[in-house]
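Put chain U on the given structure of chain F with help from the hints.
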Amino acid sequence: MKKELCYLAAAFFLVLIYPSCKKDNKTNEVPVVPYTPTPYQLKVPAGFPQPVLPDFNPLTEEGVRLGRMLFYDSIVSSNGLRCASCHDAQKAFSKGIFVLGGENISVPPLENLAWNPDFEWFGQVNALDHVPIGDFTPDFFNPNMDTLVRRIKNHPQYPTLFYQAFNVSDVGAITHDELKYKISYAIIQFVRTLISSNSKYDRFVKHQVILTPEEMDGYITYYTEKGDCFHCHGSILLTSNTYNNTGLDTVFTGQNQGRYLVTGNPNDIGRFSAPSLRNIELTAPYMHDGRFQTLDDVVEFYNSGVHLNSLNIDPLMTKPAKLNGLQLTVQDKANLIAFLKTLTDTSFINNPDFLPPH
Amino acid sequence: MKKNQLIALLVFIVFFASCKNEKAEEEPTPVPPASSMTLKVSYEVDGISLVYDSLMYSNAAGNNYSVYMLQYFLSQISLIKSDSSKVLMKDYHYFDATIASTNQFTIENIPEGGFIGVSFNIGIDPAHNITGALPNNTNNNNMEWPEPMGGGYHFMKFEGHFLNVTGDTLYGFNMHLGKNENLVKVEIYAPVYFNHGNFIYNMTMNLNEWFKNPYTYNFNTDGNYTMADSLAMHKISSNGTDVFTHH
Chain F
1 MKKELCYLAA AFFLVLIYPS CKKDNKTNEV PVVPYTPTPY QLKVPAGFPQ
51 PVLPDFNPLT EEGVRLGRML FYDSIVSSNG LRCASCHDAQ KAFSKGIFVL
101 GGENISVPPL ENLAWNPDFE WFGQVNALDH VPIGDFTPDF FNPNMDTLVR
151 RIKNHPQYPT LFYQAFNVSD VGAITHDELK YKISYAIIQF VRTLISSNSK
201 YDRFVKHQVI LTPEEMDGYI TYYTEKGDCF HCHGSILLTS NTYNNTGLDT
251 VFTGQNQGRY LVTGNPNDIG RFSAPSLRNI ELTAPYMHDG RFQTLDDVVE
301 FYNSGVHLNS LNIDPLMTKP AKLNGLQLTV QDKANLIAFL KTLTDTSFIN
351 NPDFLPPH
Chain U
1 MKKNQLIALL VFIVFFASCK NEKAEEEPTP VPPASSMTLK VSYEVDGISL
51 VYDSLMYSNA AGNNYSVYML QYFLSQISLI KSDSSKVLMK DYHYFDATIA
101 STNQFTIENI PEGGFIGVSF NIGIDPAHNI TGALPNNTNN NNMEWPEPMG
151 GGYHFMKFEG HFLNVTGDTL YGFNMHLGKN ENLVKVEIYA PVYFNHGNFI
201 YNMTMNLNEW FKNPYTYNFN TDGNYTMADS LAMHKISSNG TDVFTHH
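As you go down the protein sequences, you meet chains F and U in turn. 293 is the number that this note's numbering gives to position 293 of the first sequence; each next residue is one higher, with no gaps. 152 is the number that this note's numbering gives to position 152 of the second sequence; each next residue is one higher, with no gaps.
For the record, the hints were derived by calculation from the structure and aren't laboratory data. Treat the hints loosely; a few may be bogus.
Claimed, not checked - Straight-line alpha carbon distances no greater than 16 Å define the calculated EDC-like cross-link-like pairs of lysine to aspartate or glutamate that follow:
{"no.": "1", "chain 1": "F", "residue 1": "226", "chain 2": "U", "residue 2": "147"}
{"no.": "2", "chain 1": "F", "residue 1": "226", "chain 2": "U", "residue 2": "229"}
{"no.": "3", "chain 1": "F", "residue 1": "153", "chain 2": "F", "residue 2": "170"}
{"no.": "4", "chain 1": "F", "residue 1": "206", "chain 2": "U", "residue 2": "147"}
{"no.": "5", "chain 1": "F", "residue 1": "226", "chain 2": "F", "residue 2": "300"}
Claimed, not checked - Stretch by stretch, here's where chain F covers chain U in the computed footprint (C-beta under 8 Å, at least three residues):
{"no.": "6", "segment": "86-93"}
{"no.": "7", "segment": "140-153"}
Stated by the list, open to error - Counterexamples of contact, computed for chain F against chain U with all Cβ distances above 10 Å:
{"no.": "8", "residue": "55"}
{"no.": "9", "residue": "117"}
{"no.": "10", "residue": "121"}
{"no.": "11", "residue": "157"}
{"no.": "12", "residue": "220"}
{"no.": "13", "residue": "223"}
{"no.": "14", "residue": "235"}
{"no.": "15", "residue": "253"}
{"no.": "16", "residue": "347"}
{"no.": "17", "residue": "355"}
Note that the structure is predicted; figures quoted are calculated from it, not measured. Glycine included, C-beta positions come from ideal geometry on N, C-alpha and C.
Just chain F, with the same shape it has in the complex (with noise of 0.2 Å):
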């Protein structure tokens, strides 16, 4: 009796894979070489905390390079965008405003977010590797699946891609919302190696080089009282990753009501990701409607501008010396600004590993 159920069982495993080696032989797109993606190491720039990486999407020397390949290739999408139209490496991988319903919504920077607990203005996506997911509704790529398909099976390089990263021999053969995911999950990992870590305030911090006077002056405003910058700008990594009101807005109404849309809380509306200012210089418009264009705009609002009777505005904000704005003269000022550039990294917009693949 077990003997004969042996054989059942062996015959019932050879129905189940036969199909499969027919249609592999069919579409004859399973390269001969063994699935054996590489780890890829993520290299933590010295004084960063490790990075936060999920188990479901472990970053592969193969899933980068697919990732980075689709991040500037416009095979997404139906209407000629790819990630890079909004991601300009120039520009720390932000690019002004999109607007979404009518309303300006500031194209956040993509620099460091393996460190990220959450993502977009309001914290809305939970894990970055589900972010681009909502890059293919109309408002985006608006790709017809079967034409995505087609075009994926018949691309010199990536079939083989698909089944190096994710042992995916043919995407066909994969629903349309799996193919979606892994499309996104590939994008992001090329997305989590694009770490900034030399600006001049890194090699500062590490005494390798000193700031100018003016800068220096600037570093003081920014961590001290005078600026109180550091609270929600701080450490390393230049974000308490918090959501703050600092004061914008009276009248909280669509996209402006911030981390409310998410939590449904009334004590969250109004208040923003707080972003890190690494690049600051090369991300204008500011704020998460990119509603100031200079840094002299943002400076001036923190200086004179801000509603202290917003609704739910954040604590820090009403401080006794900021009761009547942060009193800072025309060269304080300046000087806050000369040191926020020093946040620029140039060898990272610039790194080769980071720009569109040959």
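Just chain U now, kept in the frame of chain F:
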């Protein structure tokens, strides 16, 4: 020949005896049962459980206030022996009152015995109150006290809103503690005895205790921000020695 036999016999006896000793050493020696202690912290304001962003509390000075953030360190967490000596159990722990997982931790391998109490600092002890001295993680990094202000770490960030003196305007308050002279030393005397198993040690922080005894702290007159105000930090840290109770 007899002499050789005698030597052989002695060698055999010595060898056998040493074998016996080794065997005796291999026998498991009884290990006193180890215990563990889970320290759990809860938060209240004069008996009312903490609710965030709700202007429902009143301190000793009569300020109506709400709570927005409470983050702090405990360090040098120790058990106090009957001879007043201390056994260090944990170097430090980071608490964020809004994140439940941070509000408890377990200390393993506590030997059997009795202790008369628990001691710790609210804040980071001077030996480690140096920027970069704590493990490099985002929680610790977000608590850094800026180098231009002396470096080290925030001991506590306690933030919220309060109604001003005329009761018509809402301001923020930021009770931030840092700098070695403001380390809050706490000793709670309540006997604990460990004799195997896990022991739950519950503590409650009454937030209103930060605003009284010995100094009745008034946001309107003492200041709603402490970080650059050494006198305000002194008052708050002095009030902090009895914010925790064990129950």
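Status of the hints after comparison with the structure:
1. F:226 to U:147: This hinted pair holds, its Cα atoms lying about 14 Å apart.
2. F:226 to U:229: At roughly 13 Å apart (the allowed maximum being 16 Å), residue 229 of chain U and residue 226 of chain F satisfy the hint.
3. F:153 to F:170: holds, 7 Å
4. F:206 to U:147: Answer holds: residue 206 of chain F to residue 147 of chain U is near 13 Å, not above 16 Å.
5. F:226 to F:300: holds, 14 Å
6. 86-93: violated (count 0)
7. 140-153: holds (count 7)
8. 55: holds, 19 Å
9. 117: violated, 8 Å
10. 121: holds, 19 Å
11. 157: Holds: least Cβ distance 37 Å, greater than 10 Å.
12. 220: violated, 5 Å
13. 223: Non-interface label fails for residue 223 of chain F: nearest chain U Cβ at 4 Å, not farther than 10 Å.
14. 235: Incorrect as stated: the minimum Cβ-Cβ distance to chain U is 4 Å, not above 10 Å.
15. 253: holds, 21 Å
16. 347: holds, 22 Å
17. 355: holds, 29 Å
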